[in-house]
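Protein sequences, first through last, are from chains F and B. Numbered as in the numbering used here, the first sequence ends at 607 without a single skipped number. Numbered as in the numbering used here, the second sequence ends at 610 without a single skipped number.
No lab work stands behind these hints, which were simulated from the structure alone. In this text the structure is predicted, and so the values were computed from the model without any measurement. There could be a bad hint or two in this list.
As the list claims (entries may be wrong) - Taking lysine to any residue pairs in the SDA-like style, the calculated list, with each CA pair at most 20 Å apart, reads:
hint, chain 1, residue 1, chain 2, residue 2
1, F, Lys246, B, Arg111
2, B, Lys391, F, Phe441
3, F, Lys246, B, Glu444
4, F, Lys246, B, Arg103
5, F, Lys243, B, Val224
6, F, Lys500, B, Val224
7, F, Lys246, B, Thr137
8, B, Lys536, B, Asp331
What the hints assert, rightly or not - If you want a taste of the chain F side facing chain B, the calculated C-beta under 7 Å gives, among others:
hint, residue
9, Ile435
10, Gln554
11, Met557
12, Leu561
Unchecked claim - Short derived list, chain F residues pointing at chain B, Cβ under 8 Å:
hint, residue
13, Thr143
14, Phe200
15, Ser218
16, Leu259
We treat Cβ as the ideally placed atom computed from N, Cα and C, and that holds for glycine.
Letter by letter, the chains look like this.
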Amino acid sequence: MTIHIPETNLPKALAASRMRGIFMLLDGYRWIYATAITSLVLSTMAQTTIWLLLAWFADSLLASIGVAGAAPVAMGDLLTLAGVFLVLAAFQAGFSFNSGRMAARAAEGVALRLRVALFDHIQWMSFRALDKQQTGDLLQRSTSDVDAIRRFYSDQALEVGRILSLFVVNLAAIMVIHVPLALISVVSVPLTVIISGLFFKRLEKVYRQYQEQEAVLSTTMQESLTAVRVVRAFARQDHETDKFEKENLQRFRLGRRMLTMYSLFWPCSDMTGGLQHVVGLVVGGLFVLEGEISVGAYVAYAGMLHQVIWPIRELGRLIIHFSTGIVSTRRVLEVIGEEREAQDEGVRPDRKLRGDLEFRNVEMHYDEGEAALKDISFRCRAGQTIALLGATGSGKTTLVNLLPRFYDYSGGSILLDGVELNEFSRGWLREQIGIIEQEPFLFSRSIRENITIGVSRDVTDEEVFAAARAAAVHDVILTFPRGYDTVVGERGVTLSGGQKQRLALARTLLRDPAILLLDDTTSSVDTETEAEIRAALNVLMKGRTTFIIAHRIQSLMRADLILVLGQGRIVQRGSHEQLLGQPGIYRQVYEVQERIDEELEREVSHA
Amino acid sequence: MPETTWFEEEEFGDVLDGRTLRRILGLVRPHWRHVAGFILAITIISILESWFTYQGKRIVDEVIVPQDTSALREILINYLIIVFGFALGVFIFIYLTGLLGQRIQYELRQRLFHHLQTLSLAYFDRTPVGWIMSRLTSDTERIAELVTWGLLDTTWAVTNMLAAASFMMIINWRLALVVLAVMPVLIVVALWFRQKIVLQFRLSRRINSIITGALNENITGVRVVKALTRERANLREFRVHTDDMYRASYRAHWLAALFLPLVQLISALALSLIVLRGGQLALEGALTIGSIQAFISYLIIMLWPIQDLARVFASLQQAVASAERTFSLIDTQPDLEDRPGAYDPGTLKGDIEFDNVDFQYEPEKPVLQGFSLIVRQGETIAIVGPTGAGKTSIVNLVCRFYEPGGGAIRINGVDYTRFTMQAIQSRIGMVLQTPQLFSGSILENIRYGSLGASDDEVFEAARLAGADDFVQRLEKGYESGVGEGGVLLSTGQKQLISLARAILSQPDIFIMDEATSSVDTLTEALIQQGMEALMKRSTTFVIAHRLSTIRRADRILVLQDGRIEELGTHRELLRQRGHYYRLYTRQFREQADRVWDSWNGVTTGPALAE
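Chain B on its own, in the form it takes in the complex (with noise of 0.2 Å):
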């Protein structure tokens, strides 16, 4: 993997995009029937809260001022319509609107995580998993959430708003004049006093994120810390982070809790106008008491729902940048794709030759230049040299993860772009440094390398693998979990594991990268044995770090800077006193001191016995 590609995050921006705002809608298109469903339900609901109102105003004008019963029963039978009517325009949007933000995420996943597998592995390269996870996580989350409970509290506040005045004016429309001019300014007020709220709150979080740093490191280096009596000092440096994490979230909730008030004081203002004109009409004669009272519940329906829309808007840009990061994974094109006419050869029995093949990640930084190799069916290269040197990228070419960039690379003579990507990567097996499992049982983890595969063809090629052997001994057997990642197994016994996954796949090329940490030296020659048995039969590429695997290679491949350094036997290149010769007498201690100690101080025969 290229050491120096730095993941570069793009600045999305909070400027509200037509064109992104159009393609989140465009989400929603197929589901536009529930989206009917429950703006319709809400539209309902709006116009029933204002009718129940309404009828406390008929209770007031028509039975108790008059003292008359005989409207009563009517109004109540409206009621209960009211009621009922409501309940079940409340059942219909919750359940509509949370229906299809659930559907949204989950197609919007499905389409993520489809995507992704179609990417090259050079996205996988430059790209965080953190990063991704992010779009398929919070993200799809945010946008789900705007298209529909978003959509709803806006159609909601609409609705009401527009419901409420209706009846207003049916009532009085000079009264109802009055109160509704100073909606506008409600609106505009909460509108803006709420991006201000948003701005605060974000400002406190990227403090927060920097107090998380500091208590990370903290925390991981307390030792040194400690042993560097930095206590006093790191406290105070801290303190100026805290402090400024108090000032800031202080002030945002500060400017939150003055949200409410201000709204109420504004619509105190529409109330004295109600209680000023309205009693002035109502003196003569032109306004009912329960008319009054009907304006001042209609004052207070028309609020709530501002708070609502200032909350949506608030969480609008958020989502909207969401939408655009997501937009930018869904828009990515995968760098490599099988060519027109690409075909499956059957099998990658045969010669590789690598010709004149030129290699970079990143312009202007050549990894590989003029790289020429063949390399014989069934023989076993041995790649080694510093890092950086190019070996993950020769490994990377031959998987075909990524193709030269000039020159080619011909299996059997015949140049491996022709193939199908997935002809040749279902041929290959894989060994990592750090070998990847995934949460599950052991049994499944080697089926990985051949999904039709029986388990006595699993324990199969766990024995060939050597690591039949821990296996039997765990309580589950081959039940057992690994954790995630395969957390409860060591790093030897991941690399047991893979191994036989490796073999199961009968793979054609059998490609290991080994594992610089130490492992115990019986799980080492378990390994090693593994790894005789793949090697006999596929052509193999191993980027070595022990003695035994160098030494069983046939050639070895000595990689300096992007150019062959040395290639040749053990013994010729030993003979040669050159790079290789350096290299194998200093890996060759540092070995020795390994098994010395591993030994827990007990040394009999050689060290190097094998």
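Here chain F stands alone, though its shape is the one from the complex (with noise of 0.2 Å):
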């Protein structure tokens, strides 16, 4: 069964105030944090009135034995308060595992739904988004800075608040037995908030260094590692380990200053934490010598002046951790307020893709400046085969992209069996379209998933032998220890480029799209391969709109229309034959591609 989620408007809060944006994360969750925290104070009470208790019991005692006015104590009443005493800490204990347990519910509720969300929004951020987008901060962002925020709930942010609700409690328990005995009691308690406050703050920056050069170390050893070719090679061990212990001896320090500061920090703190204690003890003994409080109210007043003074001392060190939970929201904030793609806005008509396509001025822009295709026109019939031809960066790779919506045109218009392409929902589009990019990108599942993985609908291993043998990898495949089973990445089994390339083509081939878009698919495959990596190919692109980016003319000889990009301008257009005869880049290229072949030749023969 899913677990539900609530729903919640996430890009509001990265509009929202530092502060605040963290706890808009709690959107959904609010009541389950909220009886966490009142949990922690309930189970708080309990404890405290354990301690006034105890100040009547002790009063009777005292009485009984025959010194002050309070009512005798009988064994019953012993039983009695036992029993009272073991109910309140079961309310304690109840209260208190009932606030963990319930913060834990709303800060993996929170974590959880932030995962999902980015996960998903990740998916469906347009290609401009992702451009700007680096992998590896992506992940860090959907993982430890997820964790931070669940962290900042689950234990920080509960932390703080068992920290004042004991102060704050027990303070005012002590005001009801005394209030200036009260206000005596944490006489020093500010000062010990802000200098814990300061000494943290100052430690950070000593933590900080040590941190970076705890990086240093880490670099240093992991190249000296990574690089252990090299320090072999030039004989340089005891260079490396020079390199090594001067930034090992660096942390030492480091490591040693910030110990310093604690060894130091600690006891100061404990100093000043415990003359307030024997000042709270000793004040009160002299309350009770002159009749302002029992001897009882004392007795509770001692254990309860624990809690005020001691657990306060931690609060600067928690409320300076506040700013990676911060830090960390608004870091997963970003991602989500990245720019979407609508995939099902649009139309989405019931029938396949003919293939029919007409290109009409088409205007293309990536960014503010040079336009990446202008002026782009032409048309072809579905089933037709149309070869790119141009240098790197002349716009080919931009013109396919545009058919899946992947980039959208800024000018002119894309007419697709003779309706708008924009028009068409992305969804609907991309699945007719069929993609084989020069190193296709290959899941960690199994082979047979790899082949399914295009279509929605269950596949029989009929359909995917078909599809494999069509690709011409099926005979391979079973030479797999585990078949189509074979997880690809799994050790001991290792994908040629030809062999990845055959598996994107069965998976195409099994989503049977109305076009084909491929990229330079034979360049990074060897000889043996090529010739069945075409025939697979022919048999693909029967039937189906097909457009090939290619460097080699030969490969692109049998196409019905080439096209010659040169800065995102088509330069010349034509059949093989046409552009032959008349002057110009192709006839260029296509004699440079033969003049080679004749050096060659040249070159053999003289040999």
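Assemble the dimeric complex from its two separately framed chains, guided by the hints.
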């Protein structure tokens, strides 16, 4: 069963201020978290009640021994009291558990929602937005930053709540006993909080240096280990060791510095706390002597004093840690704020695409500045093959990327089966288009899944085998120890470039697209497989409008239309024969490639 | 490098191994003074803390109840002694413990790194750098943590309980026994429970790594995901993992949240016993109010260390696993070592002879078999052939990164295993396919080839390598940083720097593994020029991918499945119209295509002009 995730408007939290932003993530879990905090306070109250009861107990005891004036205690009273203590302790424990449980639930819920939102948002991000992202950075935001936010709710914020409630509830109880005593008991607390805040702030600086040095040391080790061949080839082991020792020693020194700070801060803090404790105990005792409070109240006070003085010291440290959660919130929300692609808006015809295509004065810009495509006009009928030729950066890939609407054109129009391309939904278009890249991306799943991953329906084994056979990869797959269940990237199985490509071919065959986009498909393959791939490609191309991006004239000679691109424009167009018949780049390229072959022939025969 | 050696991660169990534990403790033996110091400090602190509580009892019993302030002065003095003594003790134990932790990490890393320098390359070929890095970083930290703070916390827990128990016994031994009866229950429950929590957290960590994997794949393959319109299906699959994660993590935190209340509940039992039995004793006049108050405080004092103790025991297992892995690295013996009586021949100049060499990385998987070849002093040999044919193996053997399994390699007629490794490797210059640079300046990187070289010598080497031009154009010239591993430079630039590095080292043998990735034509020409400088003075082995390199070689060695398929000059081999011919024509066409493309569509003159 899927876990329910409450809806929320995450991008709104991005606009909010820093501190508010992180609390807006709690949307939908507010009541749960409020329950956690309330339980915390109730748990503290139960504990404090135990102390107050103890006051009554002590006074009664004294009375029955015959000192002051309360009602005497009998054995039965003792039993009741012990029972009440147990009940109160059960309350304390129960609420304390409930608070941890609820906080964990809210924190896990927040993390779950963020993980899912990030995963989903990255998938739906527009290509323009994706181009600006870095893989490692996105991954870090989706993992460690989400975890930092989770910890904020499950640990840090809760701990601050615990400390504050201990302080407030116990202080209030002491005030009930005697107000001046309460004030004397906390006289040093503001100072302690401020000083610990300042200390941890300073410590953080040294800590950061220490972390940086740790990173330097890691890099040094990592480099030295990665480049071990170079180290050995130049016999530089000693040099490496020296370098390492220097950084290692520096880390040790910084560690010692940090440690010295700690070892000075804590005793000071302990001393302040200890003196405050002594002052409280002694002054409280004097109040008893003066008859201001009872002996029992003093006993309870001594217990509660502890809770007021000691935990509060941690506050400074925890509040400094808050900044981590806030920074992480920001980083996560930034991703979610990136532009999203609407895949579903637009027409989703019920039929298959035919594949008639017309470009009219199409223009495309990546960013402000030079047009990446300009004045592109051509037309082709369903089933025809269009070849794109041109230097790197001439716009070949940009042009084919328009068809699945990876990017939108900024001028002119593209008519697909007579309908403006922008009117089709992206999702539908992409289902109609098959893409085979130069280096196909395979998922770390089984080979079977890699073949079927492009179709949403259930696929029979026969269909998978047929696709693999047509892509000339079936026999290869069978040689793997686990056949179609072999997981790509699994130990011991390495797929060659050609095999990967044929898997991609099989995947595309199964999708049965109306339009094919082939990016230089045979260039990274060795001669033996090239023929097989070419044959498989011919099967695939039959009856589909196909775009081929190629470098060698040989692989595009048979295209129905060849477009030669230069700096985003069509510089030449026509069939192979037509283009050969006119002066221009195409003929030059052809001649160069011819000449290369001749040159080669000459060299070989003269050898 | 062998392509099929997968690193088998050994399973290191969590079972406490007495031997490992002893070995871990062995790490602190040289520092026993530190340990004795912080143990003494924490013991004193424990006693002071109990004594502090005892003063509270005295205030009630000796001052408040009898309404007599005469004892107050003494109590106050005691308090001050305790507070200052406590602060001093805290200072000592934090400082000593922390220092020892830092020192042990420092020493352990030092030892590991030194040891790594002695291991042979075969070790690095089969061990991922990431694995070694974890040993050097997180594992050393965990071990240090155990022998310092872990030891401290354990001592504290024990001394604290002993001190509190002693004071309770002094105050009233009968009530003390009642309270202490609860303690074993508390400790057993706490440890058992902690164990369960640890297991649950381990489960959620495992799911977390699955999630990270899924995220990673989805991010790297996002464009394909979109092209295949897999978004919805992927999200559905991802939801399964995140939901698992939610459940596991929630359960772990649920258990963790139960821990403290459970301890509280059991201790409340002790509290009730104090009230019940203590009240009774008080009524009989055998116990004072102050004593009851003190008992309650002692109960609280004894409670805190139990949590810490449980935490220490939970991390103990992890630390032991870390230690086992770390010790396994320390125990690894180098596969290759200098033979007894190995010497430095002074030079590696001379013919290099492979005499019937057999070689394998893994048993039963021979890479070279009966390989024989004589390379003349100063000759340049281009090695070509498909992946896995054994090209890199030949280079590895020449460098003596590995030694032949059968047959011999002789330099100048002497079996090279009679030389020291240092003698061989310090006279070899090497340029790798993916050039490895170190963070630092370009100057430092080139100087790596000869540490004592003057700046001028470095510049000269850079000029010879053809690197000088681009370096001069950089804003800071030779002082420019190259970034981690050289990321700030292009592949071609990195290659030029590593060529300069090799030139500076004036090697007797030069080894070059050409990059397969294309660099622009200008850089390409520069690289060729740099290689020329080295080829002239050294015996050279090139794993060749470029035609110009191949053509310039004295002889070409075509490898196929670890055997010499063809051997001869360029012309001879072309005439044979065999393997080399096919390889050459294919490469010729490809390279010609690239040349056209890098000219951005403008082709003039012959495509292969050099």
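With the threshold set at 20 Å, check whether the alpha-carbon distance from F/Lys246 to B/Arg103 stays at or below it.
OK: F/Lys246 and B/Arg103 at ~14 Å, within 20 Å.
Given the hinted pair B/Lys536 and B/Asp331, is their Cα-Cα distance within 20 Å?
44 Å, violated
Holds or violated: is the Cβ of F/Gln554 closer than 7 Å to a Cβ in chain B?
Violated. Min distance 9 Å.
Tell me if the straight-line CA distance from B/Lys391 to F/Phe441 falls inside 20 Å.
Given that 20 Å is the threshold and the Cα spacing comes to 29 Å, the pair is violated.
A closest beta-carbon separation below 7 Å is what the hint needs, so does F/Ile435 meet it against chain B?
Hint on F/Ile435: holds, closest Cβ of chain B at ~5 Å, below 7 Å.
Keeping to a limit of 20 Å between CA atoms, is the pair of F/Lys246 and B/Arg111 held or broken?
Distance ~14 Å between F/Lys246 and B/Arg111 Cα, so the pair holds.
Evaluation of the interface hint that places F/Leu561 against chain B, nearest CB under 7 Å
19 Å, violated
Does B/Val224 sit within 20 Å of F/Lys243, going by the straight-line distance between their CA atoms?
44 Å, violated
So, as I understand it, the hint says F/Met557 touches chain B; can you test that by seeing if any CB pair is closer than 7 Å?
Nearest chain B Cβ about 15 Å off; hint violated.
Given F/Leu259 as an interface hint, is its Cβ closer than 8 Å to any Cβ of chain B?
With a closest approach of 4 Å, the F/Leu259 hint holds.
Checking hints one by one. Is F/Ser218 an interface residue toward chain B, by the C-beta closer than 8 Å rule?
6 Å, holds
Less than 8 Å between beta-carbons is the criterion; does F/Thr143 satisfy it with respect to chain B?
5 Å, holds
The structure shown violates the earlier hints numbered 2, 5, 8, 10, 11, 12 and 14.
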